[in-house]
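Chemist: Numbering of the sequence shown is given in this note's numbering, commencing with residue 1 and proceeding in unit increments.
Don't read these hints as lab results, they were simulated from the structure.
Treat the hints with caution; some may be incorrect.
[To be verified] Pairs of lysine-lysine residues, derived as DSSO-like cross-links and limited to a Cα-Cα distance of at most 27 Å, are as follows:
1. K42 / K21
2. K21 / K70
3. K83 / K57
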Amino acid sequence: MNENLANEEYRDGGQDTHKLKFLLDIPLQLTVELGRTSILMKDVLQLNQGSVVELSKLAGEPLDMFVNSKLVARGEAVVVNDKFGVRLVDIVSPNERMEKVL
């Protein structure tokens, strides 16, 4: 079957759609990264309440969103009903994702 035709059938609810529905129930790990740093063990042991750990990113830079350790999007932190959330501002293109894998 032509790949474009198969994609069109999936979007249009074609016969092959039901064959892929099982994929919708696969659990994935979603991680949002504010930043990273390297720290010595002796410095970790000296951390206490009120300590500040400097991260690699600057304030205002987008957060990175990973699905199963693969970068898929970037966003900004928001607060919704007293809980943190992420507003997506950029979805990583499939080509960019493939470049990082290879």
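Chemist: Now tell me, hint by hint, if it's right for this structure.
Modeler: Tested hints:
{"no.": "1", "hint": "K42 / K21", "verdict": "violated, 50 Å"}
{"no.": "2", "hint": "K21 / K70", "verdict": "holds, 22 Å"}
{"no.": "3", "hint": "K83 / K57", "verdict": "holds, 22 Å"}
Going down the numbered hints, you'll see the structure goes against just number 1.
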